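Asker: Sequence:
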Amino acid sequence: MIKSLLYRFFAFPLRSQFYETLKLTIIYILIYMAFNKRVKIKALLEKDYTDQDATIMGWVRTKRSNKNVSFIAINDGSSIKNFQVVADPNLINEEILKKATTGACLKVSGKIVTSQGAGQQNELNASKIEILGEADPEKYPLQPKKHSLEFLREIAHLRVRTNTFGAVFRVRHALAFAVHKYFNDKGFFYIHTPIITASDAEGAGETFKVTTFDLKNPPLTADGKIDYKADFFERETNLTVSGQLEGELAAMGLADIYTFGPTFRAENSNTTRHLAEFWMIEPEMAFYDAEDNQDLAEDFLKYIISYALENCKDDIEFLDKRAQEEESTKKANQRSEMGLLERLQFVVENEFQRLTYTEAIDVLKNSNYNKKKKFQYLIEDWGVDLQSEHERYLVEKHFKKPVILTDYPKEIKAFYMRQNDDGKTVAAMDILFPGIGEIVGGSQREERLDLLTKRMEEMNIPTEEMWWYLDTRRFGSTPHAGFGLGFERLVLFVTGMGNIRDVIAFPRTPGHAEF
RNA sequence: UCCUCCUUAGCUCAGUUGGUUAGAGCACAUGACUGUUAAUCAUGGGGUCCUAGGUUCAAGCCCUAGAGGGGGAGCCA
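First residue of the first sequence: 29, per the working numbering; consecutive thereafter.
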């Protein structure tokens, strides 16, 4: 229909002078639009545009000039790779070239030609350069050189313009997308659990309070306490520390669900693997037992890592090289045995090591580290919580691969975990990864109302406030399981970065909420 | 929160047992160069040595306190 209209419009000369003029104008506009249509650099690198006109827009990374020619490396974020613009000072105004400094944003139109230089296949011969936004080179803090991650953290609003952070955030996106794809393909439903909750009984640490009160002058009850009944929600509320409990409710009807949302912990943790605001993925599955849960977690991790390896090849190769350079500055005994790419490949191709807490204690007890007292905390008795030095020994020294630890003593785990028949342990699982420690924590849930209620009472969890949670055990209860995966820890592992603050665009940690 | 290390030019870092005018590379400016690859070469500008106090004839360097940052521990994802 449209095709035939266009055909008639352009193919048959019309008598009217007006239509002739209109036709020419439209043809001109179409050519202009085609010529000016922005092409992403990723597309220029993937398809053959040789001898075609193109327009690119992006930020200047470096400019190299001599009397006869300027080379401008442009990056538009679509790829880690820059595209080289060649500017002839006879064609491009000197003032424009002068303003095309590192950090400036440019629109460049011209012809894509085969490069005469060695560093790239094609380049753009500029016929027109437009400065979209200048960047005063005296003040612009990013230079075409290596900056420290600590310095870049202070300019988090600009660091997305660097190779490293561009790569990190493209990989982060791929991983996030893969999470949804994996669960969707498996028939899971994405549930949005609340960010504001009234329950602080989830047993996951300090919370951020949510209130509309004037903090200097909150309404008080007769006995002088803060009167939360007068607050917006008519009760004490805080930011969520986990979507798990609500996730369980949803799984008791939709069977297989997952959550992927922001999570908050107000703990004063100053480490390379904790954030006050982070993103957590929490699948919850009805009819799954502990082993089904482990199988799913392992398969899921392998899938999303493979997805990133396949879809972010350039970025991960860059990060691999970066990590190698970083490693070479470390002392020999602190270097990891595998490079980033190798490590990712290894995780995808090998089975995770599964063992119980009890077996792990045996391994640690008999280890040379324990005998030679190399551990700061020596392993003596069954029942102690494992320190991170022990976890690291198991993963990095003993098994040298991801480890799934199961069946922990009930005393050191949460109230909702299913009690094993031995009366001592619960059906918990932690997945430990080299370098980052615990990446997944999960369990089969206690589905038996009597046992759950008893355990809650033992651990001083208010059963009355949690009536809605216990209702799932009262009505149509069934074995079910789930786990939580810290998204940033995963990104940390896949990108090979060392600090969790460098894998989220605008990190929130104690004392830091800028940007 | 605890332990530990660090803070010198816009950035990355030297700076000797305390000694007189604090250096380098990159960045920036100017110039040179017929195609560069974080281009190269030459010249130049650029400093509250984190802050406050103290010791000393003399402090970037030593002492005390504070601030900021890194790493480790705990908590955990």
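A portion of the hints provided could be inaccurate.
List of simulated lysine-lysine pairs, BS3-like, C-alpha gap at most 30 Å [stated by the list, open to error]:
id, residue 1, residue 2
1, Lys341, Lys68
2, Lys209, Lys91
3, Lys341, Lys429
4, Lys156, Lys167
5, Lys109, Lys126
6, Lys341, Lys139
7, Lys109, Lys156
8, Lys429, Lys393
9, Lys135, Lys95
10, Lys95, Lys167
11, Lys167, Lys75
12, Lys237, Lys109
13, Lys95, Lys209
14, Lys341, Lys173
15, Lys135, Lys341
16, Lys109, Lys214
17, Lys452, Lys425
18, Lys401, Lys452
19, Lys441, Lys402
20, Lys139, Lys75
21, Lys173, Lys209
22, Lys156, Lys65
23, Lys209, Lys425
24, Lys393, Lys341
25, Lys126, Lys156
26, Lys139, Lys70
27, Lys127, Lys91
Derived Cβ-Cβ restraints for the label pairs, each shown as a range [to be verified]:
id, residue 1, residue 2, range
28, Thr506, Val188, 42 to 48 Å
29, Leu52, Phe543, 49 to 55 Å
30, Glu178, Glu387, 36 to 42 Å
Since the hints were derived computationally from the structure, they do not count as laboratory data. Source: prediction; values computed, not measured. By construction, the Cβ of each residue, glycine as well, lies at the ideal position given by its N, Cα and C atoms.
Asker: Run every hint past the structure and note whether it holds.
Answerer: Taking the hints in turn, this is what the structure says about them:
1. Of the supplied pair hints, the one linking lysine 341 and lysine 68 holds, its CA atoms being roughly 18 Å apart against a limit of 30 Å.
2. This hinted pair does not check out: lysine 209 and lysine 91 have alpha carbons roughly 40 Å apart, beyond 30 Å.
3. A C-alpha spacing of about 23 Å is found between lysine 341 and lysine 429, which places the hinted pair at or below 30 Å, so the restraint holds.
4. For the given pair, lysine 156 sits about 26 Å from lysine 167 by alpha-carbon distance, which is consistent with the 30 Å threshold.
5. Taking the CA atoms of lysine 109 and lysine 126, the gap is about 23 Å. The hint holds against a cut of 30 Å.
6. At most 30 Å may separate the alpha-carbon atoms for a hinted pair to count; lysine 341 and lysine 139 meet this at roughly 28 Å.
7. Only pairs whose Cα atoms come within 30 Å are accepted, and lysine 109 paired with lysine 156 is accepted, the gap being roughly 22 Å.
8. With a C-alpha separation of about 20 Å, the suggested pairing of lysine 429 with lysine 393 holds against the 30 Å cut-off.
9. For a cut-off of 30 Å, the pair hint linking lysine 135 to lysine 95 stands: about 23 Å separates their Cα positions.
10. Of the supplied pair hints, the one linking lysine 95 and lysine 167 holds, its CA atoms being roughly 26 Å apart against a limit of 30 Å.
11. Using a Cα cut-off of 30 Å, the hinted pair lysine 167 and lysine 75 is violated, with the two alpha carbons roughly 37 Å apart.
12. Proximity of lysine 237 to lysine 109 is assessed by CA-CA distance (about 44 Å); at most 30 Å being required, the pair is judged violated.
13. Distance check on the hinted pair: lysine 95 and lysine 209 sit about 52 Å apart at the alpha-carbon level, beyond 30 Å; violated.
14. The suggested pairing of lysine 341 with lysine 173 holds, with an alpha-carbon distance near 23 Å, which does not exceed 30 Å.
15. Our distance criterion of 30 Å between C-alpha atoms is met by lysine 135 and lysine 341, whose separation comes to about 27 Å.
16. A distance of roughly 34 Å separates the Cα atoms of lysine 109 and lysine 214; the hinted pair therefore is violated under the 30 Å criterion.
17. The suggested pairing of lysine 452 with lysine 425 holds, with an alpha-carbon distance near 28 Å, which does not exceed 30 Å.
18. Taken as a hint, the lysine 401 and lysine 452 pair is honoured in the structure, with Cα atoms around 28 Å apart against an allowance of 30 Å.
19. Taking the CA atoms of lysine 441 and lysine 402, the gap is near 27 Å; set against the 30 Å cutoff, the hint holds.
20. About 15 Å separates the Cα atoms of lysine 139 and lysine 75, which keeps this hinted pair within 30 Å; it holds.
21. Of the supplied pair hints, the one linking lysine 173 and lysine 209 is violated, its CA atoms being roughly 37 Å apart against a limit of 30 Å.
22. The suggested pairing of lysine 156 with lysine 65 holds, with an alpha-carbon distance near 14 Å, which does not exceed 30 Å.
23. For the suggested pair lysine 209 and lysine 425, the alpha carbons sit about 34 Å apart, so the restraint of at most 30 Å is broken.
24. Of the pairs offered as hints, the one joining lysine 393 and lysine 341 is violated, with about 42 Å between alpha carbons and a cut-off of 30 Å exceeded.
25. Simply put, lysine 126 and lysine 156 have alpha-carbon atoms about 14 Å apart, close enough for the 30 Å limit, and the pair holds.
26. For a cut-off of 30 Å, the pair hint linking lysine 139 to lysine 70 stands: about 17 Å separates their Cα positions.
27. A threshold of 30 Å between alpha carbons decides the hint, and for lysine 127 with lysine 91 the separation of about 11 Å falls inside it, so the pair holds.
28. Threonine 506 and valine 188 have their C-beta atoms about 46 Å apart, which keeps the hinted 42 to 48 Å range intact.
29. Remark: the range hint 49 to 55 Å for leucine 52 to phenylalanine 543 is upheld by a beta-carbon distance near 51 Å.
30. Under the hint 36 to 42 Å, the C-beta atoms of glutamate 178 and glutamate 387, about 41 Å apart, fit the expected range.
Hint compliance for this structure: hints 2, 11, 12, 13, 16, 21, 23 and 24 are not met, and every other hint is.
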